[in-house]
Amino acid sequence: AGEIVWEMNFPKDGEVGFGVYSMDRVHFSPIIGVNSTYWIKSGEEAIVEWQAYNNFRNKYPLFGEYRVYFEGELVDDGEMEFTRYWQPTNSEVNLGLLEDGFFNLTIQLEDDSNHIKTQFVNLTVSKYPPDGTNRNDGLVILTTSSALLFMITFVFYSKKRKIRFREK
Numbered sequence: 001a002g003e004i005v006w007e008m009n010f011p012k013d014g015e016v017g018f019g020v021y022s023m024d025r026v027h028f029s030p031i032i033g034v035n036s037t038y039w040i041k042s043g044e045e046a047i048v049e050w051q052a053y054n055n056f057r058n059k060y061p062l063f064g065e066y067r068v069y070f071e072g073e074l075v076d077d078g079e080m081e082f083t084r085y086w087q088p089t090n091s092e093v094n095l096g097l098l099e100d101g102f103f104n105l106t107i108q109l110e111d112d113s114n115h116i117k118t119q120f121v122n123l124t125v126s127k128y129p130p131d132g133t134n135r136n137d138g139l140v141i142l143t144t145s146s147a148l149l150f151m152i153t154f155v156f157y158s159k160k161r162k163i164r165f166r167e168k
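With full-length UniProt numbering, you'll find the sequence shown wraps up at 168, consecutive numbering, no jumps.
Hints listed in this document are in silico derivations from the structure and should not be mistaken for laboratory results.
We treat Cβ as the ideally placed atom computed from N, Cα and C, and that holds for glycine.
Warning: the hint list may mix true and false statements.
Across the chosen pairs, the derived CB separations fall in these ranges [as the list claims (entries may be wrong)]:
hint	residue 1	residue 2	range
1	Tyr85	Thr37	27 to 37 angstroms
2	Glu79	Phe28	13 to 23 angstroms
3	Ala147	Gly101	39 to 49 angstroms
4	His27	Leu98	27 to 37 angstroms
5	Phe56	Thr106	22 to 32 angstroms
6	Asn114	Glu49	17 to 27 angstroms
7	Trp39	Lys59	31 to 41 angstroms
8	Tyr60	Thr106	21 to 31 angstroms
9	Met151	Lys59	34 to 44 angstroms
10	Met151	Asn35	29 to 39 angstroms
Construct the complete structure from the given sequences, taking the supplied hints into account.
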C-alpha cells in the first residue's frame, strides 16, 4: 500500500513544464454486461438482455462483432456498435420458448483490433426462480424506502425546530 505503480516525469524547458492531467483506464478486451446466471419463467420467451462496452473510452462510435451460442450452436451474430464514452450498447437475443431445464449460453464480443471477450451464462428455465437467484431485487426498493423515510423525518423535525424557534 502506498507504493507507486508507475511514474512519468517530463523535462522542464525554460518556464514551461509538461505533465499528465488526464488518465483513462483500458481493458484488454471488450466488456460484456450480463449476469452469469439468468432465469427465465416457464412459458415465456427466453429473451436474454446484455450490454456491450468497448475496451477503452472512445470519443466516437466504433464497431465490432458479436456471436451468441446456445448449447454450442451459433444462434445469433452480427455487427455491434460500441457507443461513445463507455455508454452501454444494449442488445438481446431471443431464444424463443424453451422447455424447463438448464442451458448454456455463450456470448462472444470482438472489437476492431480482434480482442475477444467470452462470457458464459447459465440459463435456467423454470416455474420459480432457483435458490440464490434475484436475491437483490428488493434491495433497490429497500434503499429507496429508507432514503425517503430519512428525508421525511428530516423535513418533519426541521419544520418542528423552526416552529419552536419562532415561538421563543
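Against the earlier hints, flag every one the structure doesn't satisfy and list their numbers going up.
Violated hints: none; all satisfied.
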